[in-house]
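Enquirer: Sequence:
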Amino acid sequence: MEFAEAATAFAEHLERVRRLSPATVRAYRSDLRDLAVDVGSASLEEVTLDTLRDWLWRATQRGDARSTLARRAAAVRSFFGWAQEQELITHDPSLRLVAPKRGRTLPTVASQDAMRTLLDAQRVGAAQGDPVALRDHAILELLYGAGIRVSELCGLDVDDLDLDRATARVLGKGAKERVVPFGIPARDAVQAYLTRGRPALALRASAASPALLLGARGGRIGSRAVYAFVADVLSPIVGAETVGPHALRHTAATHLLDGGADLRAVQEILGHASLGTTQIYTHVSSERLAATYRLAHPRA
1 MEFAEAATAF
11 AEHLERVRRL
21 SPATVRAYRS
31 DLRDLAVDVG
41 SASLEEVTLD
51 TLRDWLWRAT
61 QRGDARSTLA
71 RRAAAVRSFF
81 GWAQEQELIT
91 HDPSLRLVAP
101 KRGRTLPTVA
111 SQDAMRTLLD
121 AQRVGAAQGD
131 PVALRDHAIL
141 ELLYGAGIRV
151 SELCGLDVDD
161 LDLDRATARV
171 LGKGAKERVV
181 PFGIPARDAV
191 QAYLTRGRPA
201 LALRASAASP
211 ALLLGARGGR
221 IGSRAVYAFV
231 ADVLSPIVGA
241 ETVGPHALRH
251 TAATHLLDGG
261 ADLRAVQEIL
271 GHASLGTTQI
281 YTHVSSERLA
291 ATYRLAHPRA
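So for the sequence shown, my numbering puts the first residue at 1; every next one is plus one.
Hints should not be assumed to be uniformly reliable.
To be verified - If you anchor each label on the Cβ, the simulated ranges turn out as follows: (1) E45 - R204: 53 to 61 Å; (2) T90 - S223: 25 to 33 Å; (3) R16 - R58: 27 to 35 Å; (4) G40 - R224: 31 to 39 Å; (5) R224 - D157: 39 to 47 Å; (6) I184 - V158: 37 to 45 Å; (7) R62 - Q279: 30 to 38 Å; (8) L95 - R26: 19 to 27 Å; (9) E87 - R169: 35 to 43 Å; (10) A23 - D157: 18 to 26 Å; (11) W57 - A127: 55 to 63 Å.
Just so you know, these hints were derived from the structure itself, not from any lab. Quick caveat, the model's predicted, so the values are computed rather than measured. Using N, Cα and C, we set each Cβ at its ideal position, and we do this for glycine too.
Please put together the full structure from these sequences, using the hints given.
Expert: Okay, structure coming up:
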């Protein structure tokens, strides 16, 4: 079987059987297509370890980030592991493929005072009654209040919310469902949007949508629209150019730990499969604590 044909079958396997997130499937498919250019019409059995090393080396020469190189290596290892399971190859050439280790970078986090200022400003703007302003206020309160991913936010339907309990049922990575709390301010913002904002936006659609958050044309809002809005209002307060909805998730997690939340409870709220993923926020909290100490303690 030719490499390109097998790569297409593998991408379908990731999507239908392993049910990985669309973003992961797109990334792996892109990586394998790039490798297919190097491989050409060669069969799977003709791909060697040297082929894969040369491919990664060229990516290094292009200046690809270490995280990108690590993902590329992971993509081909997963692909050839699958190919061997399917008996498409007798030997896995990726077993000895080594990519540079990812450098650990601490996530961008806004301070509690900055978030309070931002959300207060959004609340004042929403009080004027504009449907989009009401929706945008609800977006910020849910992202920060529940710590959910932007894909989970956009996937919410009206029926997924329990306003009496201030909880939301979200569908996370791997189609795993969980219930997350979102607090009273977020509940009030959502209630105001449902009462005065969503009905006006729904009138713009040709058909009714079950989606909680509606876009300019009355259909379900997309992640790109949410990203653009969040980046516009959040970037100035954190001093970073490339910041989006995930920064609010980072911020929520860090503030929970700053407030004394149990690490495993934060893991459950965020929907992390591994506790190790959540532990990076303990480093963020430690850095913030150390910075406060240096600024405030006379013997620092």
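Enquirer: Run every hint past the structure and note whether it holds.
Expert: Against the structure, the hints come out as follows:
1. In this structure, E45 and R204 meet the distance hint of 53 to 61 Å, their C-beta atoms being roughly 56 Å apart.
2. At about 42 Å, the CB distance of T90 to S223 disagrees with the hint of 25 to 33 Å.
3. At about 31 Å, the beta-carbon gap between R16 and R58 stays in the expected band of 27 to 35 Å.
4. One distance hint, 31 to 39 Å for the beta-carbon pair G40 and R224, holds here, with the actual separation near 35 Å.
5. Between R224 and D157 the C-beta distance comes to about 20 Å, which lies outside the given range of 39 to 47 Å.
6. The supplied range of 37 to 45 Å is broken by I184 and V158, whose beta-carbon atoms lie about 19 Å from each other.
7. In this structure the hint that R62 and Q279 lie 30 to 38 Å apart at CB holds, the actual value being about 32 Å.
8. Evaluation of the 19 to 27 Å hint for L95 and R26 yields a pass: the beta carbon distance comes to about 26 Å.
9. Evaluation of the 35 to 43 Å hint for E87 and R169 yields a pass: the beta carbon distance comes to about 41 Å.
10. About 21 Å separates the C-beta atoms of A23 and D157, a value consistent with the hinted range of 18 to 26 Å.
11. Distance hint check for W57 and A127: the Cβ-Cβ separation is about 57 Å, which falls inside the suggested range of 55 to 63 Å.
The structure is inconsistent with the numbered hints 2, 5 and 6, although it conforms to all the rest.
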